[in-house]
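If you're matching them up, the sequences are chains A and B in order.
Here this note's numbering is used: the first residue of the first sequence is 1, the next is one more, and so on.
Here this note's numbering is used: the first residue of the second sequence is 1, the next is one more, and so on.
If you are wondering where the hints come from, they were derived from the structure by calculation, not from laboratory data.
Heads up, a few of these hints could be off.
Because identical chains share one entry, a pair is satisfied inside a single copy or across any pair of copies.
Said to hold, decoys possible - Heads up, simulated EDC-like pairs for lysine to aspartate or glutamate below, C-alpha to C-alpha not over 20 Å straight-line: (1) K132 to E181; (2) K184 to E72; (3) K184 to E67; (4) K78 to E67; (5) K232 to E181; (6) K46 to D59; (7) K320 to E239; (8) K326 to E180; (9) K184 to E68; (10) K232 to E180; (11) K76 to D59; (12) K118 to D11; (13) K90 to E68; (14) K184 to D194; (15) K191 to D59; (16) K191 to D145; (17) K118 to D330.
There are 2 protein chains.
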Amino acid sequence: MTIALDAMGGDHGASILVNGAVAAARELGTEIILVGRSGILSSELKRAGGTGLPITIHDASQVVTMEEAPAEALRKKKDSSIRVAFDLVKNGRADAAVSAGNSGATLAAAMFILGRIKAVRPAIAAMLPTLKGTSLIIDAGANVDCKPHHLLQFGIMGSLYVREVNRNPRPTVGLLSIGEEGSKGNQQVRKAFDLLASSDLNFVGNVEGRDVFRGEVDVVVCDGFVGNICLKLSEGLAEAILTMLKGELEGSLLASVGYGLARNAFQRFRKRMDYSEIGGAPLLGIKGVAIICHGSSSPKAVTNAIAVAHNLSALDLAGKLETSIKRRRDFLRVI
Amino acid sequence: MTIALDAMGGDHGASILVNGAVAAARELGTEIILVGRSGILSSELKRAGGTGLPITIHDASQVVTMEEAPAEALRKKKDSSIRVAFDLVKNGRADAAVSAGNSGATLAAAMFILGRIKAVRPAIAAMLPTLKGTSLIIDAGANVDCKPHHLLQFGIMGSLYVREVNRNPRPTVGLLSIGEEGSKGNQQVRKAFDLLASSDLNFVGNVEGRDVFRGEVDVVVCDGFVGNICLKLSEGLAEAILTMLKGELEGSLLASVGYGLARNAFQRFRKRMDYSEIGGAPLLGIKGVAIICHGSSSPKAVTNAIAVAHNLSALDLAGKLETSIKRRRDFLRVI
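Produce the entire structure from the sequences given, and follow the hints as far as they go.
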């Protein structure tokens, strides 16, 4: 497997990304193409001790900044590291692309360069830690205005993902709403409930916000606006709890011991929470593998994202998704 | 002030509610009318030591269960405790109604018996604990399908609420979305951004999920579908963190001490989190005061809810809201 890494993206510069790539090449044996300014990347690679590993550099002279408007940036910067990374996948020189850069631009490049699977709206699948293990939330932010049949598509893609990646033969699928009954929720969700219920998925009905972290279902389906708010709310709440807990524990004689323990526990928890730490989030529904990482990814997160890209390529997840969608074409067309 | 309490609602029966009412009458001197089956309530009142306090009983022979369809239940059960409690407010015998019963039925009774303020969509205002104190999230679940101008109305009502209740002269208002720029978000939110920006509110722009618990703004505006999911997700995540933390701490020599400290801190935190504990959530935008409590409210939560009802009645919040909406009538009509 060969992974094209946009080595210029992210909040913290190329060295973080190169460090992550070196670890991935060393630990997993994955072949990696670092895409970006070759002068910078070759010295970073040397610094990171990457000589002798299966890592090559592919020059791209431009960088899309985190603030740029995605579509315009891609159109204007034809030699940007994001675009070139996806071109390498398109041309068959790499199996998957990974970027921690401008996520809108990464989404756009994935959709327009690799192409969408027919009859499906691509969506971001984020793995969340729960009391029972992990659950997949889909869509985590690719689509802000969804129709009910898009939510059905997300359910199909999420279910296949969990089946293949977690080796779970029949994942349970829940629809995020504000009550258990199918009559609860907004118009979009009430219609999606009926579609999911008439599908061949293992649909167990609505789940409420409080069910998500209890791990009540394997796949949580929602639109990208709601999904993205949920992810970021969780991130903020976990932070706030840590800070409040510190406040509550201070003043106690045992504060240093109790807080130290709690802090370590929280740091482990936050690592489990942060979807970039568990390997970045794939965009499902495109003809290929694209992994979107948090802008502030650590080297470890980059390594994990490369591992996910490697795994999804080896599983031919995109091909299986396309087959799965095709098989349901008549059902998807009817609705 | 006289508060009508639906003394039959909630998951745990009348005794919890009567205990809460007795504490409120004793501590706050609030006059309370317990509404429900008088036989049960008079023995509960005696048991709870309520004799001699300003508490009366008003008979209502029927009870709306938690599972019943709200509109139908209200139509059929004309002598239900929820309905009769609101009738008492309508007839001027009470200043406010409080219910921990079927929340859909409570909402419906509030809207149809007390009536809506003209030109406004009533919304639930829930106070959340944050790193900086508290923030109000509005709508927390009354409206699942909102137009952009409803979000503007929520901003107006939330802002007035925080100004009056928290004595904050110019509350900051943020719109919950998935990016800071006004161009980010779904269609509903992008249009609401423009409306809020052209209003006379202290609108500071979009806030993201992670900003909510950081307390970045005083008022967080969102539709009721998103708001309800956020509230319940937070509740579930706080629970999950406590459980995971326990797991992380176990096995340590200091587990019992560290966990004990952390657990107490969490319990305090959860009390701050649970909007029923901080007094139930008012429905704003109706001609009167209605407080909706969690079905599993504790006596303390009921006492707090009565205190909120007392406070909002004393402030004439509903009257001030109506004036505030009227003053903006031309602005609200244009959009």
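Evaluated hints:
Taking CA atoms no more than 20 Å apart as the test, K132 paired with E181 passes in neither setting, with 23 Å inside one copy and 37 Å between copies. Taking the shortest alpha-carbon separations for K184 and E72, only the inter-copy value of 16 Å comes in at or below 20 Å, while the best intra-copy value is 40 Å. Taking CA atoms no more than 20 Å apart as the test, K184 paired with E67 passes between copies only; the shortest distance there is 12 Å, against 38 Å inside one copy. Proximity of K78 to E67 under the C-alpha cut-off of 20 Å is restricted to the intra-copy arrangement: shortest distance 17 Å within a copy versus 58 Å between copies.
Proximity of K232 and E181 under a CA criterion of 20 Å is satisfied inter-copy only: 16 Å between copies versus 27 Å inside one chain copy. With identical chains, the CA atoms of K46 and D59 are at most 20 Å apart within one copy only, with a shortest distance of 16 Å there and 83 Å across copies. In this assembly of identical chains, the alpha carbons of K320 and E239 never lie at most 20 Å apart, being 38 Å within a copy and 37 Å across copies at closest. For the identical chains of this complex, K326 and E180 are neighbours neither inside a copy (31 Å) nor across copies (38 Å), given an alpha-carbon limit of 20 Å.
Taking the shortest Cα distances, K184 and E68 sit within 20 Å of each other only across copies (13 Å), while inside one copy they are farther apart (39 Å). For a Cα distance limit of 20 Å, the shortest separation of K232 from E180 across copies, 13 Å, qualifies, whereas the shortest one inside one copy, 24 Å, does not. When the C-alpha separation of K76 and D59 is checked against a cutoff of 20 Å, the pair qualifies only within one copy, where the shortest distance is 17 Å, while the shortest distance between copies is 74 Å. In this assembly of identical chains, the alpha carbons of K118 and D11 never lie at most 20 Å apart, being 34 Å within a copy and 49 Å across copies at closest.
Proximity of K90 and E68 under a CA criterion of 20 Å is satisfied in neither setting, with 24 Å inside one chain copy and 56 Å between copies. For the homomeric pair K184 and D194, the shortest alpha-carbon distance inside one copy (12 Å) is at most 20 Å, but the shortest distance between copies (30 Å) is not. With identical chains, the CA atoms of K191 and D59 are never at most 20 Å apart, being 48 Å at best within one copy and 42 Å at best between copies. Within a single copy, K191 and D145 get their C-alpha atoms as close as 15 Å, and across copies as close as 13 Å, so both meet the 20 Å cut-off.
In this assembly of identical chains, the alpha carbons of K118 and D330 lie at most 20 Å apart only when taken from the same copy (13 Å versus 48 Å across copies).
Checked against the numbered hints above, the structure breaks hints 1, 7, 8, 12, 13, 15 and satisfies the rest.
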